[in-house]
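Engineer: Given the coordinates of chain A, assemble chain B onto it according to the supplied hints.
2 protein chains.
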Amino acid sequence: MNLILLSPEQQLSEQRYALSERQSKHLAEVLKKSQGDSVRVGLMNGLIGEAELDTALQQVELKSLSTAPPEALPIELVLALPRPNMLKRTLLNVTAMGVKRIHLLNSAKVEKSYWQSPVLEPESLHQFLLEGLEQARDTVLPTITFHKRFRPFVEDVLPELLKTQRGLLAHPYQASPCPVALDEPCVLGIGPEGGWNEFEVEKWLEAGMEMVHIGDRILKVETAVPVLLSRLYPPN
Amino acid sequence: MNLILLSPEQQLSEQRYALSERQSKHLAEVLKKSQGDSVRVGLMNGLIGEAELDTALQQVELKSLSTAPPEALPIELVLALPRPNMLKRTLLNVTAMGVKRIHLLNSAKVEKSYWQSPVLEPESLHQFLLEGLEQARDTVLPTITFHKRFRPFVEDVLPELLKTQRGLLAHPYQASPCPVALDEPCVLGIGPEGGWNEFEVEKWLEAGMEMVHIGDRILKVETAVPVLLSRLYPPN
Numbered sequence: 001m002n003l004i005l006l007s008p009e010q011q012l013s014e015q016r017y018a019l020s021e022r023q024s025k026h027l028a029e030v031l032k033k034s035q036g037d038s039v040r041v042g043l044m045n046g047l048i049g050e051a052e053l054d055t056a057l058q059q060v061e062l063k064s065l066s067t068a069p070p071e072a073l074p075i076e077l078v079l080a081l082p083r084p085n086m087l088k089r090t091l092l093n094v095t096a097m098g099v100k101r102i103h104l105l106n107s108a109k110v111e112k113s114y115w116q117s118p119v120l121e122p123e124s125l126h127q128f129l130l131e132g133l134e135q136a137r138d139t140v141l142p143t144i145t146f147h148k149r150f151r152p153f154v155e156d157v158l159p160e161l162l163k164t165q166r167g168l169l170a171h172p173y174q175a176s177p178c179p180v181a182l183d184e185p186c187v188l189g190i191g192p193e194g195g196w197n198e199f200e201v202e203k204w205l206e207a208g209m210e211m212v213h214i215g216d217r218i219l220k221v222e223t224a225v226p227v228l229l230s231r232l233y234p235p236n
Numbered sequence: 001m002n003l004i005l006l007s008p009e010q011q012l013s014e015q016r017y018a019l020s021e022r023q024s025k026h027l028a029e030v031l032k033k034s035q036g037d038s039v040r041v042g043l044m045n046g047l048i049g050e051a052e053l054d055t056a057l058q059q060v061e062l063k064s065l066s067t068a069p070p071e072a073l074p075i076e077l078v079l080a081l082p083r084p085n086m087l088k089r090t091l092l093n094v095t096a097m098g099v100k101r102i103h104l105l106n107s108a109k110v111e112k113s114y115w116q117s118p119v120l121e122p123e124s125l126h127q128f129l130l131e132g133l134e135q136a137r138d139t140v141l142p143t144i145t146f147h148k149r150f151r152p153f154v155e156d157v158l159p160e161l162l163k164t165q166r167g168l169l170a171h172p173y174q175a176s177p178c179p180v181a182l183d184e185p186c187v188l189g190i191g192p193e194g195g196w197n198e199f200e201v202e203k204w205l206e207a208g209m210e211m212v213h214i215g216d217r218i219l220k221v222e223t224a225v226p227v228l229l230s231r232l233y234p235p236n
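Top line first, the protein sequences correspond to chains A and B.
If you read the first sequence in the working numbering, its first letter stands for residue 1, the second for the next number, and so on.
If you read the second sequence in the working numbering, its first letter stands for residue 1, the second for the next number, and so on.
Hints are computed from structural coordinates only; laboratory data are not their basis.
Hints should not be assumed to be uniformly reliable.
A pair counts as met if it fits within one copy or between any two copies, since identical chains are not told apart.
Taking lysine-lysine and the BS3-like style, the derived pairs with C-alpha atoms no more than 25 Å apart in a straight line are [what the hints assert, rightly or not]:
| hint | residue 1 | residue 2 |
| --- | --- | --- |
| 1 | Lys109 | Lys220 |
| 2 | Lys33 | Lys109 |
| 3 | Lys25 | Lys109 |
| 4 | Lys100 | Lys220 |
Bound conformation, chain A alone:
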């Protein structure tokens, strides 16, 4: 937790915010902060700055807010729904890397049970996004959109997205090397374990996606995603 992120529901008065149990505990036990210490805070979807810690009341008092959150990546990330554990880590990681629009999509090789996982409860998803923001000192909450049916997504939603964005589909076969340092926004599609099936690849191509690969090593989704994101939009 490299930032104490404050939500509107934590606000007590103009400058005062209540800390959550988790935040109080982290400040005391990991960061070893005590009464009156200065801590780095950010307002949800807002600026970053300093606040004074009031351990007795488990509150902070804002002192200054002046820093904008780090730049977002101009990307729509479309993920075939990964298994619950991998989803959790992937959401945290892509949020930390600056992705703001996440689509979770069905695919033939997505196990049906994944859609029933408690990990997909709004409260649970919110928690992973929060942890990703806290990790990267960001304040801007990503949105997650569910597409439980593949076909309506690629036929109706995707063409709209591709009107203003370049479409890239990570796929190890019949693909070109993934471009480096894009200067335009993109839609990036990433498949399930075992990959997209032929019908799905066909539909992606029909919609106008280009197939790209990142070499002859097959990587897990959680490894491939940071590699792809940092290759498309290298941090500097």
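Structural biologist: The following block gives chain B in isolation, referenced to the frame of chain A:
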């Protein structure tokens, strides 16, 4: 498991290898392979090719071996020992990405208990490396070297490594942007959660390491490592 990796101790005759329980199970249940099917195999530290599956005996018979394993990354990766769960994922990921020389190093912010974790047993480490190779269809086993004391490593071991390799230390402060597409081998140092302390940074610099960063977002080790590796040696 994108490759059935065969170790010398599995060899029964010139062309026959016994499958492990894990391999048999994966072939049957995940890849749905049956008697007589062709499966992709690799010999440990050797070539990749095809074998015929004998489900009755839980064996394979080699048919052809012709493909070299994918290229390795010319890097010595020096990791401050991560917490056991993160170590496991990181070893798997860096092995899948082609790292062959891994050093696990102590640092002031590495919890002492991490060195006692059963994850560090040779059998357990071997398993993570194996999974990384199977993931990326590689056959060349990485080596892991332990350095339980920071100072002897940076004072005695590191200078030798730096005689023939460029040294880069991932560090978010007083650093330059990490170079892109190196054309030389390197030593890459990656810190613990919470970072290196001042003394440690001083020692790294004395030994001749350059400090590099990957932007203003602070990433977890498991995310930062794929970003750094693919930035230094972009797969194509």
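Engineer: For every hint, state whether the structure bears it out.
Structural biologist: Hints versus structure:
Taking the shortest alpha-carbon separations for Lys109 and Lys220, only the intra-copy value of 15 Å comes in at or below 25 Å, while the best inter-copy value is 29 Å. Taking the shortest Cα distances, Lys33 and Lys109 sit within 25 Å of each other only across copies (17 Å), while inside one copy they are farther apart (47 Å). For the homomeric pair Lys25 and Lys109, the shortest alpha-carbon distance between copies (19 Å) is at most 25 Å, but the shortest distance inside one copy (41 Å) is not. For the homomeric pair Lys100 and Lys220, the shortest alpha-carbon distances inside one copy (22 Å) and between copies (18 Å) are both at most 25 Å.
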